[in-house]
Amino acid sequence: MERETRPEENAGHGPALPYTRALLEHFVNPRNVGELSEEETDGFGLVGDPGCGDQMKLWISVSDDRIERIAFKSFGCPGAIATSSALTTLAEGRTLEEARRITDDDVIELLGGIPEHKRHCSLLGVRALQAALEDRKLRLQQKAIRP
Amino acid sequence: MERETRPEENAGHGPALPYTRALLEHFVNPRNVGELSEEETDGFGLVGDPGCGDQMKLWISVSDDRIERIAFKSFGCPGAIATSSALTTLAEGRTLEEARRITDDDVIELLGGIPEHKRHCSLLGVRALQAALEDRKLRLQQKAIRP
Amino acid sequence: MIYLDHNATTPLHPQVLEAMLVCLQEHWGNPSSPHSLGNQARMVMQQARARIAESLGCEPSEVVFCSSGTEADNLALRGVAGALRSRGNHIVTTAIEHHAVLHTCDALEEEGFRVTRVPVDPQGVVDLESLERSLTDQTILVSVMHANNETGVLQPVEEVARMAARREIPFHVDAVQTAGKLPFRLPELGAGLVSLSGHKLYGPRGAAALFVREGTPLRPILTGGSHEHDLRAGTENLAGLVGLAKAVELAVQDAAEEGRRLTGLRDELEARLSSSIPEIRINGAQARRVPNTSNVTFPGVDGESIILGLDLAGICVSTGSACSTGEPEPSHVLREMGVSRRDAQGSIRLSLGRGTRQEDLDLTVQVLADTVARLRRITSI
Amino acid sequence: MIYLDHNATTPLHPQVLEAMLVCLQEHWGNPSSPHSLGNQARMVMQQARARIAESLGCEPSEVVFCSSGTEADNLALRGVAGALRSRGNHIVTTAIEHHAVLHTCDALEEEGFRVTRVPVDPQGVVDLESLERSLTDQTILVSVMHANNETGVLQPVEEVARMAARREIPFHVDAVQTAGKLPFRLPELGAGLVSLSGHKLYGPRGAAALFVREGTPLRPILTGGSHEHDLRAGTENLAGLVGLAKAVELAVQDAAEEGRRLTGLRDELEARLSSSIPEIRINGAQARRVPNTSNVTFPGVDGESIILGLDLAGICVSTGSACSTGEPEPSHVLREMGVSRRDAQGSIRLSLGRGTRQEDLDLTVQVLADTVARLRRITSI
Ligand SMILES: Cc1ncc(COP(=O)(O)O)c(C=O)c1O
Ligand SMILES: Cc1ncc(COP(=O)(O)O)c(C=O)c1O
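Chains as they are written, first to last, in my numbering: chain F, 18 to 164; chain Y, 18 to 164; chain S, 1064 to 1444; chain Z, 1064 to 1444.
Be aware that a few hints might be false.
Partial list, derived from the structure: chain F residues whose beta carbon lies under 10 Å from chain Z [as the list claims (entries may be wrong)]:
1. Tyr36
2. Ala39
3. Leu41
4. Val45
5. Gly51
6. Leu53
7. Gly70
8. Phe92
9. Cys94
10. Pro95
11. Arg144
Covered, in the sense of this in silico footprint (three residues per stretch, anywhere, with C-beta under 8 Å from a C-beta of chain S), are these stretches of chain Z [to be verified]:
12. 1090 to 1100
13. 1122 to 1128
14. 1156 to 1164
15. 1167 to 1181
16. 1209 to 1217
17. 1330 to 1343
No lab work stands behind these hints: they were computed from the structure.
We put the CB at the ideal spot given by N, CA and C, even for glycine.
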């Protein structure tokens, strides 16, 4: 179901937008924007088509099997930015196992819903995190091979 | 040119109609409605398609080469009724020669104009009069042959 | 003024005007615009659609907004013809449809379709047997009006729906004259396509709708942006749609009660006309009819002259077949019912509505009796 | 609210609303009805038609009222294609037309017509040589927009008109974005068909017009009653038409002066944007443009995000290609001008209008600079 703010709800309370307050908040004040330095980075994910459409980069720093720091940069629509930001707040401080189990629906729930046609944007964050987690595994394997 | 009453002219003065006051007056109070008896009749004209559309019957009584009495009956639209009535007022009291020269435009002028798509109705009256005048000629000829 | 031409058009319901004004002044954004003004307009539009769907008993996604009943009919006919051209080329309709259907069938014939126009009986009801016989495996569309605009005579659309459904032929109902007059819900008609028009039910001109049941094959006739589920392009006339939604809602709410009231008034009107004017005939009186319509023949006089006589007394009626300008052709509907050309020319339609009161009809009967008597004194036949 | 999306739609001019209200409340008769209320409506309609004709420099009989610019475009394209099908099957248009033209061309292709979409140069101006080369003896229609809705870039329609006239090919101009913005008179365009739409010039939605020059072959796409010189059936949306007439009249009166004012504001806006935001590009800036439109690329950021940033500050702008719902496709217009997909995604359209004041633009520049800077800090590219 498409989550739409009904006009009545908005009467006189700012713009009538198809987004929830929570989503707008993450769009205006995205959390964990930025990059991690090469040394800090334990995993890195890049998703989206760099030639066209939305794109997202995500860095994680892991300590004690937990995501200690997370950072992202995103080229994309409001949904992409907000869901990326929301995803980082969900992932931060979580164990790797917990992080792996974060779903699109978790992100959507945190934001109180997202317009139907923007759902696919919310995939980006979760997919970037999965990619970063995979990347971390690879990096560990590589370290194990030539220490 | 179509003669249309402009709405402004009508503001508050009765219905906005495509007809002139003069035409409406003849429609509401047609002159010379009726039939002449066989004895009175010197000429009779019937025009229009009895199976469909407008129809008009016209009687004249002639004395001293003048139309002394004229009467009509009409099945038809307001234009047919009003122009028939107007025609009879034009013809009444005229010499036969004058009557023969009455045109559609004379009738239209008397009525102050008629909507373009009603023009053909105005033909009926004039045509019925011509027919009646022809009929009179025939009757005279017949009388001459077998008196 | 006494207005008895509600089948031609109706005045705006005050609540409809009010809803439209809010929209014209406040929600004037383009529903396709990606900002708050546009979003607001889009939400208002969704509400209008939902409101219509609820009033008529269908899904919001099944409502396609159009600009007139004529466009809705064109979309139904041309839309199905375009979509099913490869399946067959035969269309079945009736001989008494509105010109929006009949002339569109003429146009489709020019494009190579074959059209059967099923006749009606003397009461103006389509001949069901003849309709059923006309269906072939080439038939891709059946289109039958719910009620005729000139006589008010109801057509057995439910039975036609069953015939069409048995053969899986899409069925279109032109319900322009019944929507808001009869308290039906769309599924009861059994049609995949149903047209209705705002200005016939106290809504605005320029706003109409085609119900398109999920799965009905339809190709758009207006292409461009992806409005109206990709079935009808063009920036939406939002104030019109909001007005239409309000009008449908109000009309459907009142349909049953108002229908009873109008049936009473109409029947009384017809009784009085019959008793005070000799030789009149009520066309389609033996058939089921919508409550508000009465079509009367006054032999020997011309309909236009009666209309003008009434008009001069402040009473608006019409011949039924609204003709844009020029010569009124005798009604094809009455002719199909077996009425002579001359009697068809001497017929008028009285169509009652929300504003009609008993005293209006009292005056109407009196003026009609006088007018007809006067014209009969003049008549040459 | 600061509204800078006038190319998407405009608010009603108060005088337009006033004219519509009179009509909705008093002149609600059906112009086809044969009584005084109908006559009055018919006269009001004739006046509206005459007023439009006078404002645009054509005959009243050459104005065909429609329900939207999209319908006008469809009538022009499908109408000529239908009328001249036997003479040829080739249509020439440009690659940057509005979807109302381009998607209609797609539909005509499915029906067997061949369509050439002439490319534009990097400034968004149609390539005249290439257009002329594409004309064949099978070409039955040329359709070129007067100004593009996304960039405001004017097309050399007068020259195209001469090319088409030399070969006696009907020429259609989509003037939806110039009618009322530029002080032209119809004969200057040299086209047999010209579309315009009410809601782009402070008139109502649901009202538009197609100018059809005497003698232009055209087959109606909506059939039914004989409205609009038999070129467009359907009971007329009288209030809409009256509003359209008033809007056209007012817009044409003010076009020259308002054009100068908006050109000044627009040029100043672009200068300030260029000096306060690095790396921006104004699309089509070297071409002749309508006065009110500015299309700007902000490399590295997403247009939708800019729009939301502005929207939250009460400023309404759009990407230019209004998309009904769902994913905005990067503008086909910018892509045809050689803009990369990603830069097209990072472009917005600011379209000024009657209500736009210098201080609105001051604030807009400031908010835009902040928003773009913020988004650029987030961006991954
Ligand atoms: C039965 C019927 N169908 C279609 C129409 C056409 O609808 P509209 O007047 O909205 O074009 C009408 C009314 O004129 C009608 O009565
Ligand atoms: C150039 C152009 N043509 C056609 C249209 C379609 O007009 P309308 O919105 O009235 O359907 C528009 C506007 O959307 C336009 O900008």
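Quiz prompt | Cut-off 10 Å, beta-carbon criterion: hint that Pro95 of chain F touches chain Z | solution = Because about 5 Å separates Pro95 of chain F from the closest Cβ in chain Z, which is inside the 10 Å limit, the hint holds.
Quiz item: Would you say the region 1156 to 1164 of chain Z counts as covered by chain S, given the rule of at least 3 residues with C-beta under 8 Å?
Solution: holds (count 4)
Quiz prompt | Restraint outcome when Cys94 of chain F is required to lie within 10 Å of chain Z by C-beta distance | solution = Cys94 of chain F check passes; min Cβ-Cβ to chain Z is 4 Å, inside 10 Å.
Exercise. Please verify that hint: Ala39 of chain F, Cβ, nearest Cβ of chain Z, below 10 Å or not.
Key: violated (14 Å)
Self-check item: Status of the hint placing Leu41 of chain F at chain Z (closest C-beta pair under 10 Å)
Solution: Holds, because the Cβ-Cβ distance from Leu41 of chain F to chain Z comes to roughly 7 Å (cut-off 10 Å).
Quiz prompt | Residue hint Gly70 of chain F, partner chain Z, criterion CB-CB below 10 Å | solution = holds (7 Å)
Quiz item: Are there at least three residues in the region 1330 to 1343 of chain Z whose beta carbon sits under 8 Å from a beta carbon of chain S?
Solution: violated (count 0)
Practice problem: Given that the region 1167 to 1181 of chain Z was listed as covered by chain S, double-check it with a C-beta distance under 8 Å for 3 or more residues. | Solution: Our answer is that it holds, as 3 residues pass the Cβ test (under 8 Å) against chain S, meeting three.
Quiz item: Checking C-beta pairs, does the region 1090 to 1100 of chain Z have three or more residues closer than 8 Å to chain S?
Solution: Coverage by chain S holds here, the residue count being 10 at a Cβ distance below 8 Å.
Practice problem: Answer holds if the nearest beta-carbon of chain Z is closer than 10 Å to that of Val45 of chain F; otherwise answer violated. | Solution: holds (7 Å)
Exercise. Grab the minimum C-beta distance from Phe92 of chain F to chain Z and call the hint holds if it beats 10 Å, violated otherwise.
Key: holds (5 Å)
Quiz item: Is the shortest C-beta separation between Tyr36 of chain F and chain Z less than 10 Å?
Solution: holds (8 Å)
Violated hints for the displayed structure, listed by number in ascending order: 2, 6, 11, 13, 16 and 17.
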